[in-house]
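Chains as they are written, first to last, in the working numbering: chain A, 1 to 320; chain B, 1 to 325; chain C, 1 to 315.
It should be emphasised that the hints constitute simulated quantities derived from the structure, not laboratory data. Keep in mind that a hint or two might mislead.
Said to hold, decoys possible - Straight line, CA to CA, 30 Å or less: simulated DSSO-like cross-link-like pairs of lysine-lysine:
{"hint": "1", "chain 1": "C", "residue 1": "K29", "chain 2": "A", "residue 2": "K133"}
{"hint": "2", "chain 1": "A", "residue 1": "K9", "chain 2": "C", "residue 2": "K180"}
{"hint": "3", "chain 1": "A", "residue 1": "K313", "chain 2": "A", "residue 2": "K9"}
{"hint": "4", "chain 1": "C", "residue 1": "K180", "chain 2": "C", "residue 2": "K29"}
{"hint": "5", "chain 1": "B", "residue 1": "K173", "chain 2": "B", "residue 2": "K130"}
{"hint": "6", "chain 1": "A", "residue 1": "K313", "chain 2": "B", "residue 2": "K130"}
Note that the structure is predicted; figures quoted are calculated from it, not measured.
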Amino acid sequence: MRGADYVIKRTIFAVVTVFVALTINFIIFRAAPGSAVSNLARVPGATHALRAELEHEFGLDKPKLQQYFIYLGQLAHGNLGVSFASQQPVSHELLQALGNTIPMVLLGTLFAIGFGTFTGILAAYRRGTAVDKASVSTGLFFYSLPTQWLGLMLLLIFAGTLPSGGRVDAFLFNPTPLQHILDVLKHMLLPSLTLGLVLYGEYTLITRSAMLETLGEDYILTARAKGLSDRRIVTRHAFRNAMLPITTLIALSLGYIVAGSILIERVFSWPGIGQAVYYSVQNRDYPMLQGAFLLLTLSVVFFNYVADLLYFKLDPRIRE
Amino acid sequence: MTSPLLAVQDLEVWFDLPHGDTLHAVRRVSFSVERGERFGLVGESGCGKTTTILALMGLLPPTATVSGRVLLEGEDILEDGETSVRPHRWTDISMIFQGAMNALNPVQTVGAQIVEAMELHGIAEGADAKSQAGQLLEMVGIAPDRLDRYPHEFSGGMRQRAAIAMALACEPKVLLADEPTTALDVMVQAQILLLLERLSQELGLTVILVTHDLPVVAEVCGRAAVMYGGEIAEVGPVDTLYHDSRHPYTRLLFAAVPDPTGEEEVVSIPGAPPRLDRPIVGCPFQPRCDRAFEPCPTEQPRLIALGADHQAACHLNDPAFRAVS
Amino acid sequence: MSAVIQEEPGVLEGATEGRRRSTIWQILKDRPSTLVGLGVLGFFILVAGLAPHIAPYGAHTQVGAPFAPPSPKHPLGLDDGGIDMLSLLMYGARASLLVGFGATAIALLVGGSVGILAGYYGGRTEGILMRITDYFLVIPDVPLMIVIAAIWGQSLLHIILIIGFLLWTWTARVIRAQVKSVRERVYVKRARALGAGNGRTIFRHVLPQIAPLLVASIVLTIAVAIFDETALAYLGLSDPSVISWGKLIKNASDAAAVSAGAWWAIVPPGLCVAVLILSCTLIGQVLEDALNPRLRASYLAARGFRIRRVAREEG
Numbered sequence: 001m002r003g004a005d006y007v008i009k010r011t012i013f014a015v016v017t018v019f020v021a022l023t024i025n026f027i028i029f030r031a032a033p034g035s036a037v038s039n040l041a042r043v044p045g046a047t048h049a050l051r052a053e054l055e056h057e058f059g060l061d062k063p064k065l066q067q068y069f070i071y072l073g074q075l076a077h078g079n080l081g082v083s084f085a086s087q088q089p090v091s092h093e094l095l096q097a098l099g100n101t102i103p104m105v106l107l108g109t110l111f112a113i114g115f116g117t118f119t120g121i122l123a124a125y126r127r128g129t130a131v132d133k134a135s136v137s138t139g140l141f142f143y144s145l146p147t148q149w150l151g152l153m154l155l156l157i158f159a160g161t162l163p164s165g166g167r168v169d170a171f172l173f174n175p176t177p178l179q180h181i182l183d184v185l186k187h188m189l190l191p192s193l194t195l196g197l198v199l200y201g202e203y204t205l206i207t208r209s210a211m212l213e214t215l216g217e218d219y220i221l222t223a224r225a226k227g228l229s230d231r232r233i234v235t236r237h238a239f240r241n242a243m244l245p246i247t248t249l250i251a252l253s254l255g256y257i258v259a260g261s262i263l264i265e266r267v268f269s270w271p272g273i274g275q276a277v278y279y280s281v282q283n284r285d286y287p288m289l290q291g292a293f294l295l296l297t298l299s300v301v302f303f304n305y306v307a308d309l310l311y312f313k314l315d316p317r318i319r320e
Numbered sequence: 001m002t003s004p005l006l007a008v009q010d011l012e013v014w015f016d017l018p019h020g021d022t023l024h025a026v027r028r029v030s031f032s033v034e035r036g037e038r039f040g041l042v043g044e045s046g047c048g049k050t051t052t053i054l055a056l057m058g059l060l061p062p063t064a065t066v067s068g069r070v071l072l073e074g075e076d077i078l079e080d081g082e083t084s085v086r087p088h089r090w091t092d093i094s095m096i097f098q099g100a101m102n103a104l105n106p107v108q109t110v111g112a113q114i115v116e117a118m119e120l121h122g123i124a125e126g127a128d129a130k131s132q133a134g135q136l137l138e139m140v141g142i143a144p145d146r147l148d149r150y151p152h153e154f155s156g157g158m159r160q161r162a163a164i165a166m167a168l169a170c171e172p173k174v175l176l177a178d179e180p181t182t183a184l185d186v187m188v189q190a191q192i193l194l195l196l197e198r199l200s201q202e203l204g205l206t207v208i209l210v211t212h213d214l215p216v217v218a219e220v221c222g223r224a225a226v227m228y229g230g231e232i233a234e235v236g237p238v239d240t241l242y243h244d245s246r247h248p249y250t251r252l253l254f255a256a257v258p259d260p261t262g263e264e265e266v267v268s269i270p271g272a273p274p275r276l277d278r279p280i281v282g283c284p285f286q287p288r289c290d291r292a293f294e295p296c297p298t299e300q301p302r303l304i305a306l307g308a309d310h311q312a313a314c315h316l317n318d319p320a321f322r323a324v325s
Numbered sequence: 001m002s003a004v005i006q007e008e009p010g011v012l013e014g015a016t017e018g019r020r021r022s023t024i025w026q027i028l029k030d031r032p033s034t035l036v037g038l039g040v041l042g043f044f045i046l047v048a049g050l051a052p053h054i055a056p057y058g059a060h061t062q063v064g065a066p067f068a069p070p071s072p073k074h075p076l077g078l079d080d081g082g083i084d085m086l087s088l089l090m091y092g093a094r095a096s097l098l099v100g101f102g103a104t105a106i107a108l109l110v111g112g113s114v115g116i117l118a119g120y121y122g123g124r125t126e127g128i129l130m131r132i133t134d135y136f137l138v139i140p141d142v143p144l145m146i147v148i149a150a151i152w153g154q155s156l157l158h159i160i161l162i163i164g165f166l167l168w169t170w171t172a173r174v175i176r177a178q179v180k181s182v183r184e185r186v187y188v189k190r191a192r193a194l195g196a197g198n199g200r201t202i203f204r205h206v207l208p209q210i211a212p213l214l215v216a217s218i219v220l221t222i223a224v225a226i227f228d229e230t231a232l233a234y235l236g237l238s239d240p241s242v243i244s245w246g247k248l249i250k251n252a253s254d255a256a257a258v259s260a261g262a263w264w265a266i267v268p269p270g271l272c273v274a275v276l277i278l279s280c281t282l283i284g285q286v287l288e289d290a291l292n293p294r295l296r297a298s299y300l301a302a303r304g305f306r307i308r309r310v311a312r313e314e315g
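Isolated chain A (complex conformation) (with noise of 0.2 Å):
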């Protein structure tokens, strides 16, 4: 069946890409000149002992296409070495982080996507009145403004009412399980706004436009022609078309979402992989980044895949 075939070809295509993934994450990291690992030098700190041990674990002293069978192997045990940082290994350290920033994308990006989709959808239907205008322009004004900045600003606005930075109060003792989750909430609240703010913009505009195009489709007219309202013409038959494009579309920027959140991260001292990254950057903490990086790549491959199954479940005629 032709849908089968669509299934397995993206299957193999997401399995593929994660093996360019990790090969670009090896030469970037390892096997260009000058690189991060090869160059252990320049970790700070690092001892006699330390380096030769370092030296050993990375394979450093085997040939490069050995090196990368060693890698290869280690990833698949889940190996992704020590921070040099925290000594810890990097998969735990990860782990952690992307426990932080999930639940902050998260609520950021189901703001955008309930309001970004709501007013596309209005300013399409109201295709060249004052509300499309609006909508348009706050989506542009939204989308063009840098994110570290914004989050700044809402700072800025916000200095004294809720808190500016961390993920709880470190003076809050023994807090009870409820506080626990209002105080993360309140921290929460700005990042998720920088985020879902930046998003809306993208998403209204996104919206719009796949909404036009589904309105100008000849089964719009028919549903008119067959008496139907607006409202269901515009949710049974418009938005249902328009979801294909809009949904692949958002997934994958779901994908650039986590590595996006490195600058809202870094605003708000939000303790998520962005803060990681940043930290491995100014630590030189190359097992931590590599692990970051590589995490970050295979976020964007899932949702990618996920927009692609998606499209399937939504688009007959790949089914078929």
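Based on the hints, put chains B and C in the right spot on chain A.
Leaving out everything else, chains B and C in the frame of chain A:
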């Protein structure tokens, strides 16, 4: 039957263009259609024929301004625009579109789209609606078990059949068919036309067929109107238009051979249709007319009755001018 | 009898083609918002070019107390080092625009070549080139920029190269789709049939047709490049010796301008970036929308058509 089923009176349509320009797409169009009649609306592309029938159902974009009356059994359905026309959509007047390529929603099954119309207008619900939809498919020559298929699984001809089935879901009085056979291959074209003719006879359905394809009109329709530059140039029985036309445009049109590939309407009348975004002085066909004479560039011709059921808008038929020529 | 105009349908076609060629200017002219965008872009370029001549103070001269608020002498106040903000903004425009245009030039060169080659030749060439593009699209660009900048060291040239080489994929896809459709058009086929070489066909016939979208893609890439520069600067990965808008945001943020309430040190540079990106996005978006034939018709709108009750208003 004293009043006709559908009467269009002085229909005019303008479109707003950028920079404040206006396009006067349909100009003083009047015609009427009886029950069970098959009426053709013929002309080159851009002559206003499609705009005319879209106006009948109130399916024009917000850039359009409409005036005139569309009387369905004596009731002016365009009187309050969208509000007054919506109750008549699909229950009284339904429509099929060009080639049916995209007229069906690609993400809904064909059955669901037929059932949607029935449920909306309270014809039938649930399983009952589905079985009726199956009967409709059967009536247009599609196996009822294909209700659960998606449009892309149908061939072009089958899609158009399904669109016809959907158009009949609420037992309308009038079916508007806008170039229903373009983009279909010749064999399928003939089948679709035959189907339309049969349905019209069996169900007493009135069909208004819009096309640039004259043989199609000759085959299916009893009467037809020829449109040029947004106006009706001549209207009458198809036989009369063929053999006793009183308008040079109709004559040239019927003498011209349609492009054999059927893809583009290459009609070998020299010149181009008038631009509708500018005022037209005199007869719109005058610049291309081989029989134009003194009054044509300045005087606008009116439709003149030439028989019980035959009218043409040409100064050649006007006794007042004929004396001069 | 001479009233009959002997006109070929092809003459009309030619006329529309001629019209298509001037579309960029026509589209921009018809939409006042894009003229504003062009104006802003021009203004910033002018300021950047003339910065050494029009800046009231030097970019490294301390002229007052750190974070001195705006005053008649210093309309935008002073930064954390007591340097005039207005002068810093003018100098900052140079690096930001240089990164924007430089990186875009690289992206255009690489992406445009890949897109044109893939779209024009099709077949295996296209398959391989587009597969490579697909893989590049999956790499998250900001983290990769960070990694490369961190490893290769921080200089303005590196930043331009890094951003440029990571932004080409998008241009390549847009251009390929366009070239593919143009290639199938009659006059291109005719030109090839008449023996025009591939290079000649591409430059004489294909490029002029895709020009509007190329311009759209250029301005949108400029916006992204400038955005990326501020991101790298904010993470401390920009050239330490170069002043850019991104660097100004970073400096103010590091010097705790937010908690000091020195908004004048942090709002203007971000606003400059935002306004510049907004201008580019406006121009690019409008061009893309105007060139997308699928956006032209809409069968559903909140407002219905109008009814004119005066039956006849002209004779």
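Here is what the structure says about each hint:
Restraint check for K29/C and K133/A: satisfied, since their Cα atoms lie roughly 18 Å apart, inside the 30 Å limit. Note on K9/A and K180/C: the hinted pairing holds, with a Cα-Cα distance of about 24 Å set against a maximum of 30 Å. Restraint check for K313/A and K9/A: the C-alpha separation of about 15 Å stays at or below 30 Å, so the hint holds. Under the criterion of a C-alpha separation no larger than 30 Å, the hint pairing K180/C with K29/C is consistent with the structure, at around 28 Å.
The suggested pairing of K173/B with K130/B holds, with an alpha-carbon distance near 22 Å, which does not exceed 30 Å. Distance restraint check for K313/A and K130/B: the Cα-Cα separation of roughly 24 Å lies within the 30 Å cut-off, and the hinted pair is therefore satisfied.
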